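The lines below spell out each chain.
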Amino acid sequence: MKTLPPVDVVVIGGGWTGLLMAKELASRTALSIVVLERGKQRQAGDYFATMDELDYAIRLQMMQDPSQETVTVRHNSGERAFPVRQLASFLPGSGVGGAGEHWNGICPRFQPDCFELLSRTTEKYGSKRLPEDHAIQDWGVSYDDLEPYYIRAELLMGISGKAGNIRGKKIEGGNVFEGWRSAEYPTPPTKIPYFSALFRDASKELGYHPYPNPAATASEPYTNQDGVSRPACLYCGFCERFGCMIGAKSQPTNTLLPIIDKQKNVSVRTEAWVRRIVHESAGKAGRARGVSYIDAKGEEVFQPAELVFLASWTLNNTRLLLLSGIGQPYDLRNGTGTVGRNLTHHVSFPAATAFFNKPLNRFMGSGAAGICISDFDGDAFDHTSLPFLRGGALFALSLGYRPIENFGVVPATVKVSWGAEWKKAAISYYDRTGRIGFLGEHLAYKGNYADLDPTYKDHLGDPLLRLTIDWRDNERNMSDFIVPKAVEIARAMGAKEVTPFSGIRKYDTTRYQTTHVQGGAIMGRSPEVSVVNPYLQHWQVPNLFVLGASSFPQNASGNPTLTILALTYNTADAVVDRYLRGPGALLGA
Amino acid sequence: MRRREFLTLSAASVGGMLVCSLDRKIVRLSAQSTKSIRIPLRFFTESEAMVIAAAAARIFPSDDTGPGAREAGVAIYIDRQLAGPWGKDRHRYTHEPFDDNAPPEFGYQGKANPQRIYREALKDLTGFNELPASEQDERLKQIESTVFFSLLRRNTIEGMFCDPIHAGNVDMVGWQLIGFPGPQMSNYADVDRHFGEAFRPKPSSLQQVTEVNDIRPSEDEQ
Chain A
1 MKTLPPVDVV VIGGGWTGLL MAKELASRTA LSIVVLERGK QRQAGDYFAT
51 MDELDYAIRL QMMQDPSQET VTVRHNSGER AFPVRQLASF LPGSGVGGAG
101 EHWNGICPRF QPDCFELLSR TTEKYGSKRL PEDHAIQDWG VSYDDLEPYY
151 IRAELLMGIS GKAGNIRGKK IEGGNVFEGW RSAEYPTPPT KIPYFSALFR
201 DASKELGYHP YPNPAATASE PYTNQDGVSR PACLYCGFCE RFGCMIGAKS
251 QPTNTLLPII DKQKNVSVRT EAWVRRIVHE SAGKAGRARG VSYIDAKGEE
301 VFQPAELVFL ASWTLNNTRL LLLSGIGQPY DLRNGTGTVG RNLTHHVSFP
351 AATAFFNKPL NRFMGSGAAG ICISDFDGDA FDHTSLPFLR GGALFALSLG
401 YRPIENFGVV PATVKVSWGA EWKKAAISYY DRTGRIGFLG EHLAYKGNYA
451 DLDPTYKDHL GDPLLRLTID WRDNERNMSD FIVPKAVEIA RAMGAKEVTP
501 FSGIRKYDTT RYQTTHVQGG AIMGRSPEVS VVNPYLQHWQ VPNLFVLGAS
551 SFPQNASGNP TLTILALTYN TADAVVDRYL RGPGALLGA
Chain B
1001 MRRREFLTLS AASVGGMLVC SLDRKIVRLS AQSTKSIRIP LRFFTESEAM
1051 VIAAAAARIF PSDDTGPGAR EAGVAIYIDR QLAGPWGKDR HRYTHEPFDD
1101 NAPPEFGYQG KANPQRIYRE ALKDLTGFNE LPASEQDERL KQIESTVFFS
1151 LLRRNTIEGM FCDPIHAGNV DMVGWQLIGF PGPQMSNYAD VDRHFGEAFR
1201 PKPSSLQQVT EVNDIRPSED EQ
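Chain order of the listed sequences is A and B. In terms of our numbering, the numbers along the first sequence are unbroken and rise by one, the last being 589. In terms of our numbering, the numbers along the second sequence are unbroken and rise by one, the last being 1222.
Bound-form chain B, shown alone:
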């Protein structure tokens, strides 16, 4: 078994309020606090997680339009996905022959699973998180057309807007950003009203709306 890796974050390092999802328990840390938080990682090493967090934050930055990948916990979300069946290609057809140069209409035909794609790409991104933002953007532009980047972009969007059960979209910051209320038991009374005006019920997660507490996300599948 590999050495247990943790992502260690101090509130001051990212500035302001930090909200993390620690195995689906939400942890809040304010900038005044001197404590740091150690999040157990399932797939990434600590330095890999720092790089992914920094890259996701360039794809979906935290700025004056609202919170981004950092607040939503995207790096932790991706860590969980990679460690689970999706990261290992458990449900992908993986018989040979593979072909990395297949025409685009046939989708990704390569052999490497998401774990391998991330790990290989991360080798070339050592120290990425130390770069100034503009250099980070330049670096990402250089790899924009890679399989890795398209996965990272997709996973970042997933981590922004998934149900919080998956360790992303912490505190439903993603949903609040776009006015999506999450699953609702009923929109019956409202679906044919509010024409032309924003109707924004308070977001609720699947656990909150169903009061079912043992929902098992796919990344926990053994």
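In isolation and in its complexed conformation, chain A is listed as follows:
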């Protein structure tokens, strides 16, 4: 294997976290930095003529290619796993910018008690209320610790929204259930399309507290703290699964690359497929020496580095740790080991599908434009006599309604799914249908985890990651509780017919739920229960940091990107201000 000239820092993955870390280090230090991205080169201008639903939303051109690498899934450790042969339930991105290019840009903060979920829940309801095989943990970092970093992440992307709590003062029209904020959102809320406006008015009438969804799709032209400017959103409705035509949606390519491209000490190498993090001893004082990867010419090379940031997507982070033999794999049988534990997804479903007798003009919209209520989020409502813990947000988004994905949704009274009768109904309901969505917390359980698959391999012959995951009663009961609330709102919106969500059964790899997969390399206060410390520094290998949602001990109800970026800023400060002055563990084990 050829050895390349050494660099100070190697970053694995060119998405939000990897490029944010590269930008911070490149502009604040003189370190030499290499970012390795296994997908293709991309630039902000690449998306001008990509508003093609078939190729992007259906054939998934911006996503990881499962023919190269995928994951396998089973519901419990006694079953055999099946490979995810075509992506569906989550959609990791590939290429520069990663999934941050094709996201919707929904940007809430997590509620403060999410970060101390175990302590707060036990304190309030007692440990007997925790599910039997739960693996809930505190993060080791608090909301107050992260608040300054939340602000920086919001300023970076110019998030559009309305505050509901500034330094403890509740503000009507914002999310009154959110944690305290030190400042208002950088830009005002997005425009609110008709379907979302109906939801706002109806939920308010029912006594809830609707607020505009915080959005990375800028409501007005914006220049951030780095001097990077983006135009205002034009509501074309091609956000999710697409790159933004004009760059109004904050994406790594239009928000971070403009700075990175100006720095001489950082380079982004594409089509660089990292296979291993090369390290010495896995004992107490391990050290990463660099990474080995297959380069664009297909040759395997070794890139030595003093500092390694593992910043690929959640599941790839866990897989690379396992493939590299770093840390002890989690073992369900005796509860030992940490790598792969606390795998969570997101409780996500269309709670109520509402059919109206008037047109909604749903083709117009933006990925994050819409209205939410958090009245049933987290612990905003009392759970003493409810058969579940936590909750989530109900929302009516107007994210652009495209026909291949959405044609054919008809009320339950229509019993056919093809032919003249179906066609007639589907045409008639096409622009008169709206979905009230739900996004709720998925708790961590001992039995939901990731390890290496014994059977299936990737295109290079490396084992795939195997997910063992299924829903529990907490998620099912949460769903049963929330669906009637959504139906009630849909009726109050004037819907003539409403189809309630049929309920959560087995984990379904064929239904898109969100790309919010968490855990596997979780953060915490001790190496016995976590892979990284609260600075996302590996407990046993202090010159290795593992960034991203792989660090979340469990899912929170909100979309994760803002929190991921806040944690990355936190790590960047710790590295620049402390680690570089005296490389070593930032926290005693």
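Derived from the structure by calculation, the hints contain no laboratory data. This one's a predicted model, so the numbers in the text were calculated from it and none came from an experiment. Ideal placement from N, C-alpha and C gives every residue a C-beta, glycine not left out. Be aware that one or more of the hints could be misleading.
Using C-beta positions, here's what the derived DEER-type ranges look like [unchecked claim]:
| no. | chain 1 | residue 1 | chain 2 | residue 2 | range |
| --- | --- | --- | --- | --- | --- |
| 1 | B | 1139 | A | 206 | 28 to 38 Å |
| 2 | A | 511 | B | 1123 | 57 to 67 Å |
| 3 | A | 413 | B | 1189 | 34 to 44 Å |
| 4 | B | 1211 | A | 88 | 52 to 62 Å |
| 5 | A | 206 | B | 1090 | 48 to 58 Å |
| 6 | B | 1104 | A | 473 | 17 to 27 Å |
Once you have looked at the hints, place chain B on chain A.
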């Protein structure tokens, strides 16, 4: 190389105006015309294309609610998709072991790619296009739960509503049918207006709206 197959259509055979997409160039033919049109096929044989066209037309019929799979060119769309990377499973994970009886939550776990699924199913549908409509419906009902039918139904919807660059949705007939205007450069002035009333801008294709003429659809990927 296989013999070049063409789908030969006469306007009179389908009645009324026929609009076809011939490698993204739109061809119009009226019922008065005596000419016929030969569309080069990339995957289907001519008789297969006739069967698929007939089946798609039962899934999405042309009737008094408006045009259907015939006018949108769905059969040609499917032909292009099958000949391209999607039809060959180029981006599907195709390592063994396969399992045709996997639980539904794990999706299709079989070995056959879309080309093979279509070709196998078409063997049992010879002469389908000659049957009266009611018998065609009966035949489709018998295979409703097959992998083939669910692909055909999905592909028919795709062919109805895809950007015309993919050879379906010819003349944007699908989009006009449901009031979808296709990609628009800006809805800024309208997104928070027209509450409760239909706002229907004239549909435009991706090429029209961007004036970019060298957009390469995925089915042309080599």
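Hint check results:
Taken as a hint, the range 28 to 38 Å is violated for the pair residue 1139 of chain B and residue 206 of chain A, whose Cβ atoms sit roughly 50 Å apart. The hinted range of 57 to 67 Å is not satisfied by residue 511 of chain A and residue 1123 of chain B, whose Cβ atoms lie roughly 32 Å apart. Against the hinted window of 34 to 44 Å, the Cβ-Cβ separation of residue 413 of chain A and residue 1189 of chain B comes to about 37 Å, which satisfies the hint. For residue 1211 of chain B and residue 88 of chain A, the hinted distance range of 52 to 62 Å is not satisfied, since their beta carbons lie about 34 Å from each other.
Against the hinted window of 48 to 58 Å, the Cβ-Cβ separation of residue 206 of chain A and residue 1090 of chain B comes to about 50 Å, which satisfies the hint. For residue 1104 of chain B and residue 473 of chain A, the Cβ-Cβ distance of about 22 Å falls inside the hinted range of 17 to 27 Å, so the restraint holds.
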